[in-house]
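Q: Using the sequences and the hints given, assemble the complete structure.
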Amino acid sequence: MAGDLATREGDAFLDGVWREEGTTPPRIEAAMRDLLNGRHATGEATVPARVLNLIAIVDREWRGEVENRLERVGRYHPSRTIVCAVEEGRTTLDAWAALTEEDDPAPGAIAVAHEQVEVTVGPVHLAHLDSIVDPLVVTDLPTVVWAPHGHEEGVDALLALAQVVLVDSGAEPDGAEALARATQLAQSAYVVDLAWLRSTPWRERVSSAFDPPRARPALREISAVTVKHHPDSGAAALLFVGWLASRLDWEPAGLARQDGAQHGCLSAGKNAVAIHLERHEMQVPGLYGLTIETASGVSLTLERGQGGLRAHRRTRRGQESEWTVMGASRGEAGILGEGVRQALLRDPTYRPALAAAGVMAA
Amino acid sequence: MATLEHEQPNPLVEGLERLPVHPTMLVIFGATGDLSNRKLLPAIYNLAHEGALPERFYLIGTSRSEMTHDEFRGRAREAITRYSRRRPDDRVLGALLEVMHYVPGSFDDASVYERMAELGAGFDEQAALPLNRCYYLSTAPAFFPVIVGMLGGAGLDSHEGAEVRIVIEKPFGTTLESARALNREVLCAFEESQVFRIDHYLGKETVQNVLAFRFANEMFEPVWNRNYIDYVQITAAEDIGVGTRAGYYDTSGALRDLVQNHMLQLLALLCMEPPVAFEADKIRNEKVKVVQSIRPPVPERVSEVAVRGRYEPGVVGGEQVNGYLEEEAVPQDSRTETYVALRLAVDNWRWADVPFYLRTGKRLARKVTEIAVTLKPVPHLAFQQTDGSVGVQQNQLILTVQPNEGVTLSIGAKIPGSRMRIRPVNMEFLYGTAFLSQSPEAYERLIVDAMRGDATLFTRDDEVDALWGIVDPILKGWQNAPEPVARYAAGSQGPAEADRLLAEGHRWRAI
Chain A
1 MAGDLATREG DAFLDGVWRE EGTTPPRIEA AMRDLLNGRH ATGEATVPAR VLNLIAIVDR
61 EWRGEVENRL ERVGRYHPSR TIVCAVEEGR TTLDAWAALT EEDDPAPGAI AVAHEQVEVT
121 VGPVHLAHLD SIVDPLVVTD LPTVVWAPHG HEEGVDALLA LAQVVLVDSG AEPDGAEALA
181 RATQLAQSAY VVDLAWLRST PWRERVSSAF DPPRARPALR EISAVTVKHH PDSGAAALLF
241 VGWLASRLDW EPAGLARQDG AQHGCLSAGK NAVAIHLERH EMQVPGLYGL TIETASGVSL
301 TLERGQGGLR AHRRTRRGQE SEWTVMGASR GEAGILGEGV RQALLRDPTY RPALAAAGVM
361 AA
Chain B
1001 MATLEHEQPN PLVEGLERLP VHPTMLVIFG ATGDLSNRKL LPAIYNLAHE GALPERFYLI
1061 GTSRSEMTHD EFRGRAREAI TRYSRRRPDD RVLGALLEVM HYVPGSFDDA SVYERMAELG
1121 AGFDEQAALP LNRCYYLSTA PAFFPVIVGM LGGAGLDSHE GAEVRIVIEK PFGTTLESAR
1181 ALNREVLCAF EESQVFRIDH YLGKETVQNV LAFRFANEMF EPVWNRNYID YVQITAAEDI
1241 GVGTRAGYYD TSGALRDLVQ NHMLQLLALL CMEPPVAFEA DKIRNEKVKV VQSIRPPVPE
1301 RVSEVAVRGR YEPGVVGGEQ VNGYLEEEAV PQDSRTETYV ALRLAVDNWR WADVPFYLRT
1361 GKRLARKVTE IAVTLKPVPH LAFQQTDGSV GVQQNQLILT VQPNEGVTLS IGAKIPGSRM
1421 RIRPVNMEFL YGTAFLSQSP EAYERLIVDA MRGDATLFTR DDEVDALWGI VDPILKGWQN
1481 APEPVARYAA GSQGPAEADR LLAEGHRWRA I
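First to last, the protein sequences are chains A and B.
Number 340 in this note's numbering belongs to position 340 of the first sequence; there are no gaps in the numbering.
Every number in this note's numbering is 1000 more than the matching position in the second sequence, counting from 1.
No lab work stands behind these hints, which were simulated from the structure alone.
You may find that some hints are simply not true.
[As the list claims (entries may be wrong)] Computed Cβ-Cβ distance ranges for the label pairs, DEER-style:
id	chain 1	residue 1	chain 2	residue 2	range
1	A	Glu61	B	Arg1086	31 to 37 Å
2	A	Ala224	B	Gly1074	39 to 45 Å
3	A	Glu61	B	Lys1414	51 to 57 Å
4	B	Asp1281	A	Gln258	54 to 60 Å
5	A	Glu65	B	Arg1082	47 to 53 Å
6	B	Arg1335	A	Gln306	52 to 58 Å
7	A	Ala224	B	Arg1082	43 to 49 Å
[Unchecked claim] If you want a taste of the chain A side facing chain B, the calculated C-beta under 10 Å gives, among others:
id	residue
8	Ala215
9	Asp249
10	Ala328
11	Arg346
The structure displayed is predicted, hence computed values, not measured ones.
All residues carry an ideal CB built from backbone N, CA and C; glycine is no exception.
A: And the structure:
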């Protein structure tokens, strides 16, 4: 295949991978086209996936880790991944590009291929990263930017090009700062927040618990919410409470910090809702558990357990019951995959939850 | 019946992909059968895995086999491990098995229903609220009236403060008369709003995509009528034989097995008027209107609109295979059709005079399910047709349901060169390149819909009646004036006799 693909002087194709040092965006783009044409020329029935462009801005030394995370995303793998690996002191561009097919398509099925590009850039390039990336994205596909190692300058440069920014508010040491950054990005693009996605099963369960018509009135009687979270997942806890506040018309207010925990009181019409966010040592980021109590004595507790969430309910008559709400953990790769999938959807409840969380974190 | 769900909206559901399902007790009749093992139990596991089951969920399996709760759980574990589309997570599977129970007994034994009710009362107490009941009839059709009658007789057709629903597998009747009789029996015990007649085909993503294709795109609707469409072909071809299903298949045949339900459903989705909203009855109203517009064949003249065939020995994939009569458990004097082709007419303003050709069969050249819409020729051809090219062909729009789900539009394009020569080329869209997520099994979607009470993808009583109204005259025509069953070689395109259904200038697409 290398011979078929080596159509221009200086190009280097080896085992279906194109590489070039000191390259330019138009040459990378031309190489991507040649990779596909070369595959067709060899008679292989390859169809490139056309779902979205994912631009990942990463530290060059940690790019392998990010690429591994993306590989584990599995079936939600973006169709064209452009990794911009930032290397200190660099002033020229190096790049490689490849076309990777899904393993073992079913007999008679079309082989769907994903395109990968990695461009090594320097900090000097970040302010105008759009001029490098623009020729590399598939036109008319949604474009998602993800910068797990910071590089805000690069993200800002791509905001005119991208429709979606993937963030992880839970990965930042300062939850308030992370929420403020997400709020700022949400002014220009649709934000998919992995911290928000980690709270999805919890939001679904709470919604289900109060869904039976007889249980719904209790939503207006909630008097206390306690959330236990990974020490680094304060933002996830704030987003969860922000979601409740925005859906139930509670007035958000700043929470006080004490010994790593956060406490406060939100106004819910004539009632008050006590909020407690507590750190909990655990292996994975996200929430560990939550308890919702009402003024009439009803309480619902959900905690991580075997095969799902362990639920405990106390009725207003004091009757107690425990059960498992079934569901498998998605793991961190699953969360990232879900983030990629959510980039193509729109959740109208995130921004109101983010706004309320931002007020509580301030 | 309670309609409590509508009393006060739940403000927490907005933005969630998985809508809450009311706490439910699901009862599977025929829980040790093939459908339960291969489809239902694995689907329920996958729902548990994804957190899509109700917050409180209990399952009761029932069948005639004597076994304990634990023995049933062991069988369920085996079936799920073997047939689930994903490898089961031991912890989730363990949690699911804990809520499974088993009641052995004959379906006409009142004590079975008493034990079921006792278990249900215990579950209500554990959950501290009345659970919805969802009865899933996955038994031989002969038991449907028995079970329905026993449920009604035992007072299990309603439950204070909760909803009771019944899911009935296909086939819903074997003739128009038997379908009507079954409907009467069912509606004696249950209200229509409680009844969910399942046709798993409607749960397939690609079938639902027909609706999305038609009603989410402005460009196709203006040509979606008799003014622009010349004819339509719906094909559901299988490359396999009857296999181990001969016992059932020989009493059914291709017409009942695929046309009466799946293929006519596809036709209805293709031809229906746009619904006002994507709601169960609004969609079903439009489907029923279309099915009722299909001109019922006249039994005495059935050969003009229908051809039946049977596969003979042949070569499939390079291997010699048996003919239908040589298959295990097929009677030597069988006249059951393994192939059927129909020409139908939809007598309404939109579709008058547009022929709809349907064909399905086993042991055909390959497995494919597709809808092919052929547009009329251009009114005036400015290009020469004797220039050594294939020339201008009628546009075809192909909706492929399986495999390689997608949409193909054939258009005329200029062949590169100095002359103005035209040949057809394809604009192709494959779902697999645009949606990387794995589609859920049809049963996963349908089980949740039934538990939620969403009947959009289920068949209503008047729809069943109308569907049988088309098929029944053909069955009667074949029964009363039996013409020879046409023969076709296994691995072929089907019997040549099917060509006689085609109007002049029309042709079957290659399978």
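Q: Would you mind marking each hint as holding or not holding in the structure?
A: Now for the hints, and whether the structure bears them out:
1. Separated by about 35 Å at the C-beta atoms, glutamate 61(A) and arginine 1086(B) satisfy the suggested range of 31 to 37 Å.
2. At about 44 Å, the beta-carbon gap between alanine 224(A) and glycine 1074(B) stays in the expected band of 39 to 45 Å.
3. Between glutamate 61(A) and lysine 1414(B), the C-beta spacing of about 53 Å keeps the proposed range 51 to 57 Å intact.
4. Distance hint for aspartate 1281(B) and glutamine 258(A): a CB-CB separation of about 56 Å, consistent with the stated range 54 to 60 Å.
5. Here the CB-CB span from glutamate 65(A) to arginine 1082(B) is close to 37 Å, at odds with the stated 47 to 53 Å.
6. Arginine 1335(B) and glutamine 306(A) have their C-beta atoms about 57 Å apart, which keeps the hinted 52 to 58 Å range intact.
7. About 47 Å separates the C-beta atoms of alanine 224(A) and arginine 1082(B), a value consistent with the hinted range of 43 to 49 Å.
8. Hint status for alanine 215(A) relative to chain B: holds, with the closest Cβ pair at about 8 Å, below 10 Å.
9. Residue-level restraint check for aspartate 249(A) holds (minimum Cβ-Cβ distance to chain B is 8 Å; threshold 10 Å).
10. With 10 Å as the threshold, the beta carbon of alanine 328(A) comes within range of chain B, its nearest partner Cβ sitting at about 4 Å, so the hint holds.
11. Interface restraint check: arginine 346(A) against chain B, minimum CB-CB distance 9 Å, threshold 10 Å, status holds.
Violation of the numbered hints given earlier is confined to hint 5; every other hint is satisfied by the structure.
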